[in-house]
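J.: Protein chains in written order, with the working numbering: chain D, 1 to 384; chain A, 385 to 505; chain B, 506 to 979.
One or more hints might be untrue.
Facing chain B, from chain D, some residues (calculated, C-beta under 8 Å) [said to hold, decoys possible]:
1) F118
2) G119
3) S307
Computed footprint of chain D on chain A; a stretch qualifies when at least three of its residues, placed anywhere within it, have a C-beta under 8 Å from a C-beta of chain D [claimed, not checked]:
4) 415-429
5) 468-479
The set of hints was computed from the structure by calculation and includes no laboratory data.
Glycine is no exception: its CB is placed at the ideal position from the N, C-alpha and C atoms.
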Amino acid sequence: MTTLPRIADIAVIGGGAYGLSVALWLRRLRPDLSVLLLDRSDFAGNETGRCGAGFRVQWGAAGNIRLCQDSLPSYENFAEEFGYPEGIEFKQDGYLILAHGEEQLDQLRRNIALQSRFGVDSSLLTVEEAARLAPGLNLSGVVGGSFCARDGSLSPFRVLDGFHRAAARAGVLIRHGVKVDSVEPFSSAFRLSAGGEAIEAGRVVVATDTRIPQLLGSLGIDIPVQPYPNQAFVTEPLPPRLGPCVVSFAHEMFLNQTARGSVVVVASDRRRALGADAQPTADLFPRAAARAIDLLPALGTARLLRSWGGLYSITPDMLAVLGETALPGLFVALSGAKGFMTAPAAGRLLAQLVDGQAVPDWFARLSPARFASGEELEKEPAIV
Amino acid sequence: MDRAASSAAATPSRRPDVREGEGFTILFEDRFGQRAIPAWAGESVAAALLAAGERAWRTAEDGSQRGLFCGIGVCWECRCIIDGRPNSRACQTEARPGLSVRWQVGPGLLPDGGLPDGGAS
Amino acid sequence: MSRARVVVVGAGPAGMMAAAQAARLGCAVVLVDEAPRPGGQIHRQPPPSLAGGAVSAAARPEAERKRRLFDRFARHAGAIDHRPGTSVTAIYGLDRILIADETSSRLIRADALVVATGLHERVVPVPGWTLPGVVTAGALQALLKGGRVRAGDRIALAGAGPLPLVAAAQMVEAGATVPVVALLRPPWSPLWPGLLRDPAALWAGRGVLSEGWRWLSVLRRAGVPVLTRHVALSVSGDGAAERLVIARHDGRGRPVPGTERRFAADTVAFNHGFTANSELARMAGAETRFDPRRGGWLPVRDGDGATSVPGLFVAGDAGGFAGGLAAACDGAVVGAAAAGWALHRDAGRFAAQAAADRAERARHWTFQAALAASWELPRDIHELVTPATVVCRCEGVTRARIDRAVADGHDGLNGLKRNTRAGMGSCGGRSCLRTLAALAGPRGEGEAVNARPGIRPVTLAALANRVSDESVGS
Numbered sequence: 001m002t003t004l005p006r007i008a009d010i011a012v013i014g015g016g017a018y019g020l021s022v023a024l025w026l027r028r029l030r031p032d033l034s035v036l037l038l039d040r041s042d043f044a045g046n047e048t049g050r051c052g053a054g055f056r057v058q059w060g061a062a063g064n065i066r067l068c069q070d071s072l073p074s075y076e077n078f079a080e081e082f083g084y085p086e087g088i089e090f091k092q093d094g095y096l097i098l099a100h101g102e103e104q105l106d107q108l109r110r111n112i113a114l115q116s117r118f119g120v121d122s123s124l125l126t127v128e129e130a131a132r133l134a135p136g137l138n139l140s141g142v143v144g145g146s147f148c149a150r151d152g153s154l155s156p157f158r159v160l161d162g163f164h165r166a167a168a169r170a171g172v173l174i175r176h177g178v179k180v181d182s183v184e185p186f187s188s189a190f191r192l193s194a195g196g197e198a199i200e201a202g203r204v205v206v207a208t209d210t211r212i213p214q215l216l217g218s219l220g221i222d223i224p225v226q227p228y229p230n231q232a233f234v235t236e237p238l239p240p241r242l243g244p245c246v247v248s249f250a251h252e253m254f255l256n257q258t259a260r261g262s263v264v265v266v267a268s269d270r271r272r273a274l275g276a277d278a279q280p281t282a283d284l285f286p287r288a289a290a291r292a293i294d295l296l297p298a299l300g301t302a303r304l305l306r307s308w309g310g311l312y313s314i315t316p317d318m319l320a321v322l323g324e325t326a327l328p329g330l331f332v333a334l335s336g337a338k339g340f341m342t343a344p345a346a347g348r349l350l351a352q353l354v355d356g357q358a359v360p361d362w363f364a365r366l367s368p369a370r371f372a373s374g375e376e377l378e379k380e381p382a383i384v
Numbered sequence: 385m386d387r388a389a390s391s392a393a394a395t396p397s398r399r400p401d402v403r404e405g406e407g408f409t410i411l412f413e414d415r416f417g418q419r420a421i422p423a424w425a426g427e428s429v430a431a432a433l434l435a436a437g438e439r440a441w442r443t444a445e446d447g448s449q450r451g452l453f454c455g456i457g458v459c460w461e462c463r464c465i466i467d468g469r470p471n472s473r474a475c476q477t478e479a480r481p482g483l484s485v486r487w488q489v490g491p492g493l494l495p496d497g498g499l500p501d502g503g504a505s
Numbered sequence: 506m507s508r509a510r511v512v513v514v515g516a517g518p519a520g521m522m523a524a525a526q527a528a529r530l531g532c533a534v535v536l537v538d539e540a541p542r543p544g545g546q547i548h549r550q551p552p553p554s555l556a557g558g559a560v561s562a563a564a565r566p567e568a569e570r571k572r573r574l575f576d577r578f579a580r581h582a583g584a585i586d587h588r589p590g591t592s593v594t595a596i597y598g599l600d601r602i603l604i605a606d607e608t609s610s611r612l613i614r615a616d617a618l619v620v621a622t623g624l625h626e627r628v629v630p631v632p633g634w635t636l637p638g639v640v641t642a643g644a645l646q647a648l649l650k651g652g653r654v655r656a657g658d659r660i661a662l663a664g665a666g667p668l669p670l671v672a673a674a675q676m677v678e679a680g681a682t683v684p685v686v687a688l689l690r691p692p693w694s695p696l697w698p699g700l701l702r703d704p705a706a707l708w709a710g711r712g713v714l715s716e717g718w719r720w721l722s723v724l725r726r727a728g729v730p731v732l733t734r735h736v737a738l739s740v741s742g743d744g745a746a747e748r749l750v751i752a753r754h755d756g757r758g759r760p761v762p763g764t765e766r767r768f769a770a771d772t773v774a775f776n777h778g779f780t781a782n783s784e785l786a787r788m789a790g791a792e793t794r795f796d797p798r799r800g801g802w803l804p805v806r807d808g809d810g811a812t813s814v815p816g817l818f819v820a821g822d823a824g825g826f827a828g829g830l831a832a833a834c835d836g837a838v839v840g841a842a843a844a845g846w847a848l849h850r851d852a853g854r855f856a857a858q859a860a861a862d863r864a865e866r867a868r869h870w871t872f873q874a875a876l877a878a879s880w881e882l883p884r885d886i887h888e889l890v891t892p893a894t895v896v897c898r899c900e901g902v903t904r905a906r907i908d909r910a911v912a913d914g915h916d917g918l919n920g921l922k923r924n925t926r927a928g929m930g931s932c933g934g935r936s937c938l939r940t941l942a943a944l945a946g947p948r949g950e951g952e953a954v955n956a957r958p959g960i961r962p963v964t965l966a967a968l969a970n971r972v973s974d975e976s977v978g979s
């Protein structure tokens, strides 16, 4: 392990999209403060590196729509905003959500109505329109869909690399391979214990997603989150087969042909228990490969490159948890399974909050205080 | 290098043994057009192409040309479009009479940018 | 309860002998192999239509070894469920091994699993190594053995160890002109100190040594220059290989100025040793250690081939390079241990049955341990990988990009891979991970990359079409 400082003004725990973004913005806002980021794994070793690499603003709860909407310009202008000319492979060919049946279509209609209140340019499609956008799809049983042209596919590895480099340039001290074992209040600050070493930090942001309860439960801070195992696999690079990203609730599946040509398939499985581990299971391929081929028949001849498992962080309202805990100075950044899509805005706004600045009312409502107060947010219906 | 000259010079002598039985041809199409390549039963597509002096049959994402590298199916450098199917390994595919090999660009496009199963990208 | 089942992956010398041994000892044996015919890379068989033809004097010992191996295999082949054209795609546990062919997949159970997946060649990149016409030395052999075709007319070779010499001689016999064989060090010099101390090893290696001598004679008769202490600097040409540039090196792999020489060639072949195919053993959870001479990340195994995972065995070069002769003996030993485990949960039960193979293996191992030194690469060999040189051929990742990532702190192999995408392409990192590890510095070789389900290329249609296990091994 590389040497750790004994003291930091602000410690950020977790080196995924949330941790890196908030650390980066903290230093941008406050170059006078020392910011230390501790990540238990190597680069991109956790959930951001395992996500399906899709981006969409098409959600059904205001908090999700706003976070994604606010993040989109950062991804569209990533090279300039984060000084990353390499590019993030943003294939902005839109995102198509399929409705199999009127009930699903009604939900998409309601979502679009909500999205349009925030100025999102999404629209309800007929089957014929969906077929024109994604001619390779098998649309039997589909009654319509929802589409937004500014959504799309982008590389989590490139985004994390961009955040990482920008954070390091901004002066964030990043340490990989450091697992924080505990966080405790200590006089007016916090003491972190990591591999037998103690670090004092004035403020702490915990951005370890589904692992937040393990770290903060002993402090009496109850963040209701359940890990939900998902599995994914990716094909070899293929000729263009699919423009937009596609979600089909009937297939319990998300498809994304990336800018490099590989098709990422994320398969959820409602039968698996919340809290199960993330290892790929033996039933993945017969179940998910068959469904993927049903949805996009050209995948039948495609070859598998690799498969993996990951954990969605499921909150009661399917929204992120961003804000200060009951312990002043201790903040959480929990993605609600949308960390990759929402990281630019979530990191920036949370950094403002940590710095004591005002944040928009809609963002303030994502605070963990909502679970204690019983104030319920509108639940996100549009998860696959 | 003059491809046609190397091809003509190479044809019989790169098969050091006398072949039993009849040879046949496979079809190879690159940006210059389609031509017949001699082959014998049991040869891989890569073997037939190399014996005919063809060393490249793919353009990688960075624009460089590629052909055979490891010869045993490990490296995937020799992939090309075989009988309409992109990403087929020439070193792992046995030649058959009339088999079609087409130059692959990037993840599986034809040199003119079209999809191997018809249509433009 | 069904018969105790041994699953063997790979039908090279080790896998063939392991399967034969386990079948002989009464196990149901499934032999899974990607190739259409057994033999592995070393004894690659041409299809029947190309079999036959004259065998040169120098090629005779190998032909003889191959005949003995196939004879021994043939005695038990009737009791082996041999599945050619089939690969292991995932191991979820020894009771759930996912195998697949072109059209279907199935989960099979093993009481003992023998990974005998061999190895593949390692090549250190130089500028121009992605040009068409640049191949591995083994590719030359594969084309010749499998298809009776030589890759080019004028073939230059460079690298380490004896393989470039053998391949060069085979190309000469196949009618090619070989303008040069450039070796980093003399492959014969490190041999003698070890062998002279151990007459039994020298005796075991006599066949290989005399074979080597015959191949050298072929090169000498043809007037092929064999230059030792030389390093390849680049391959160049207009769209394809036209010349190889080499230079003398200073003992550490750095070129001595003024000693550059160029050789015209339509084909350039490299070999810098081997990398063990250890992914399956790693996926099954086996502990590994890094051994740069014998194949990189090797599963830790004992004399029976037993790994840290109960019931998981490794046989032959997948456990570290020792050559085909040792692999065949090792297969017979490990096959007996796997049978003992499968039938009695006792890997030592049939040790007596494999005593002769064990003793012969020991002599080959001693001989090969001496030979392994010839594959040791000079310390600074990777200094020749220029910033613009592509390291990961699949994803087009250059050395400059890798250096940048290492400078950013991503010096563990998994993090480096995710940061650069090197090793994430179609080949699964087989062409670049050794280089990546060497460029990463001290941490790079310390960790193997994660081996995840899906390591061999199988179509989604085959994966979707899962058939029942009932017909396997019965």
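J.: For each hint, tell me whether it holds in the structure or not.
T.: Each hint, compared with the structure:
no.: 1; hint: F118; in the structure: violated, 34 Å
no.: 2; hint: G119; in the structure: violated, 35 Å
no.: 3; hint: S307; in the structure: holds, 4 Å
no.: 4; hint: 415-429; in the structure: violated (count 0)
no.: 5; hint: 468-479; in the structure: holds (count 3)
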